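Given the sequences, and given the hints that come with them, work out the whole structure.
First to last, the protein sequences are chains B and X. Residue numbers for the first sequence follow our numbering, beginning at 2 and rising by one. Residue numbers for the second sequence follow our numbering, beginning at 1343 and rising by one.
These are computed hints drawn from the structure, not numbers from a lab. A portion of the hints provided could be inaccurate.
Claimed, not checked - Distance condition first, Cα-Cα at most 30 angstroms in a straight line; then the derived DSS-like pairs of lysine-lysine:
| id | chain 1 | residue 1 | chain 2 | residue 2 |
| --- | --- | --- | --- | --- |
| 1 | X | K1388 | X | K1557 |
| 2 | B | K48 | X | K1361 |
| 3 | B | K122 | B | K138 |
| 4 | X | K1662 | X | K1361 |
| 5 | X | K1526 | X | K1662 |
| 6 | B | K122 | B | K278 |
| 7 | X | K1361 | B | K216 |
| 8 | X | K1557 | B | K278 |
| 9 | B | K278 | B | K238 |
All figures in this text were calculated on a predicted structure; none of them were measured in a lab.
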Amino acid sequence: MSTNKPMPVPTEISAPFWDGLKAGRLNLQRCNSCGHWIFFPRRHCDKCWSHDVEWREVAGTGTLYTYTLTRIPTLPDFADEMPQKMAVVELDEGVRINTTLVGLDEDEIRVGMRVKPVFDKVKPDGTTLLRFTGLDKTVAPRRFDDPEAAAAPEEAAVPLRQIPVGDEAALQALVSDEFTSWSNQIVVDQALIDEFARLSGDDYWIHTDPEKARKQGPFGGTIAHGALVQVLQSRLKIPLGFEVIGFSNMVNYGSDRLRFPSPVPAGARIHARARVKRVEKVRSGTQLTLEVNIHVVGAERPSVINDLVILYM
Amino acid sequence: MGLKGNAAIVGAAQYRPEKYTTAPRMFHLEQVADLAAQALADAGLKATDIDGLVINGPQFHEASVFVPAMAAEYLGLSVNFAEVVDLGGCTSVGMVWRAAAAIELGLCQAVLCVLPARMAPFGPDEDPSWMARAMRFGGHSTAFGAPEAEFDLPYGHMGQNTGYAMIAQRYAAQYGYDPLAMAKIAVDQRTNALANPDAMFFGKPLTADEVLASKMVADPLHVLEIVMPVAGGAAVIVASPEVAAKARNRGARITGFGEHLAFKSPTYAADMTRTPIGPAAARAFAMAGLKPADMDAAQIYDCYTITVLLTLEDAGFAPKGEGMRWVREHDLTWRGDFPMNTHGGQLSFGQSGSAGGMSQVIEAFTQIAGKAGDRQLKRCDTVFVSGTGGVMSEQGALILQGA
Chain B
2 MSTNKPMPVP TEISAPFWDG LKAGRLNLQR CNSCGHWIFF PRRHCDKCWS HDVEWREVAG
62 TGTLYTYTLT RIPTLPDFAD EMPQKMAVVE LDEGVRINTT LVGLDEDEIR VGMRVKPVFD
122 KVKPDGTTLL RFTGLDKTVA PRRFDDPEAA AAPEEAAVPL RQIPVGDEAA LQALVSDEFT
182 SWSNQIVVDQ ALIDEFARLS GDDYWIHTDP EKARKQGPFG GTIAHGALVQ VLQSRLKIPL
242 GFEVIGFSNM VNYGSDRLRF PSPVPAGARI HARARVKRVE KVRSGTQLTL EVNIHVVGAE
302 RPSVINDLVI LYM
Chain X
1343 MGLKGNAAIV GAAQYRPEKY TTAPRMFHLE QVADLAAQAL ADAGLKATDI DGLVINGPQF
1403 HEASVFVPAM AAEYLGLSVN FAEVVDLGGC TSVGMVWRAA AAIELGLCQA VLCVLPARMA
1463 PFGPDEDPSW MARAMRFGGH STAFGAPEAE FDLPYGHMGQ NTGYAMIAQR YAAQYGYDPL
1523 AMAKIAVDQR TNALANPDAM FFGKPLTADE VLASKMVADP LHVLEIVMPV AGGAAVIVAS
1583 PEVAAKARNR GARITGFGEH LAFKSPTYAA DMTRTPIGPA AARAFAMAGL KPADMDAAQI
1643 YDCYTITVLL TLEDAGFAPK GEGMRWVREH DLTWRGDFPM NTHGGQLSFG QSGSAGGMSQ
1703 VIEAFTQIAG KAGDRQLKRC DTVFVSGTGG VMSEQGALIL QGA
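What follows is the structure, encoded as structure tokens:
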């Protein structure tokens, strides 16, 4: 998950709530004067204004009051959750909570369904968010030991169709508006970005200074260099389904178009897909233009568009 | 209790909605002076007639505090009443009734209500990324201790789309949902915009099929059911009967108003589908001694189609839970039996920040003054206007009647 997502900063008032979540418990305040349950945490009862309020542990079961599924992320950093299952849960104590649903398919979600809490540890430091799922569901906790292991498993290798470079008709038939399915996913973390900054000499703070980028940058944190994401294509195995054979030399001839339409926040997962855009005979051989699009997982807008020109001689 | 209906809107001005990228950059103070002069010219009044000022505080470019004093100084205006209104999309409605109340209290004679909403020029040392940073969390506070920073933003609850979508989903579960009726709201308003050369979508017809085929943003809201943010700005002059007598337009008297708010996130509403416009509109109608059926037109704040639907129901135009059937049975165009958002609404006119709501106030005034051109209603003496801020958080209503 992206490291740029906004995170809760507990206050002296709310600490018992967040500490409870870390320990897998849901603590709510109850007013001793009028019996009203209170959410979000306050110094007073928002019904009778008494200051005699007390923390109590509750079961956390409730009912789904309403929800929506997002088709555009509410912030680019949430692209890995698409569609975001935004929800309002009404606890059995009567309070409503803004949250998200996990472990439920889109068609399993109904207003009025019963839900139970999921204590979702989202950062290695123990920061825990309160999400909800169906009563019959089990949601496995996140793993922080190996980001690559958390990535989606690689697709089974697509068998390769071999096309001789001289078979012009077969090569032309590859041209399509349709993209391939997605490649494997990789995580673009701060360590990788720092390495690239050192290598390229581009150590602009928006890439390398998480603290300054969080406070002053437009994206709430650091982002990867466009050029880094571009070259990471080599680590993304795009299931093209064909290979060209029978040439004596193959060169990467450069790019007809290179665009970085949206940022890749540090910590984001990316994947790629491609389509054959053009095949043409040129003086020195056969030129194949492959449009490669690299996206943050779940994001509709690509982060890199690269019309890669491959020359077969 | 309430207004006697002495104060009236007598002049108005607004910038044609434009894309932010092509609109002129002007300092907000400069826009204030420009819009004020245009509104005065429209009213046929002089600068010396103005002795009250209502202005936006938030999002004012050149200052975040002491905005009225800075603006009065810049204008060369000496006022007996100065006010800042911070009610999001309900700001315009809130400005007009505050001005009317100040006039009826005898504090002042004529009040300039002004909302600059074009972008200001960037200074040499200004980092343009502040815009992107300001946009990142929209109208949400990220300050330490702000409840939404702690309990909403970490879950991705931000911006307006998902809040309105969740209200619509709750409505659907309680009362049922007809996507075609919702599309009809956008389509009827577009028909109105086709008769308004100033509208952003003038000359661009729209069908219900196109609305329903447009991109889903957050279920069940399609992109064509959501306003387009544009650059703009607006001003109105509210005047006492003595000043109004000198003005050249037929005035729109403010005979009723109401305002209601109780939360920022509708999650904490007692009932998400019973919106604050209910009590606000009830108070406005009672103050004016009128009922919904007495209105010749309604200018209803329309950041989303669902906002319109719930306002129609909760303000008392349509029975609760039957708004979609009601929309199907009425023609909401300027030619129809229930003329609504006759300028196109913000959905088709464009939403210029918090000045967007002023487009509804100005359209009501323009219709009452008989200056609406091709879309002029045959009879327009009494108009209902609503304003909505945040996610159905703050809402207000005005009843305007021709002088």
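Going through the earlier hints one by one, which of them does the structure break, listed in rising order? As far as the earlier hints go, 1, 2, 4, 6 are violated by this structure, in ascending order.
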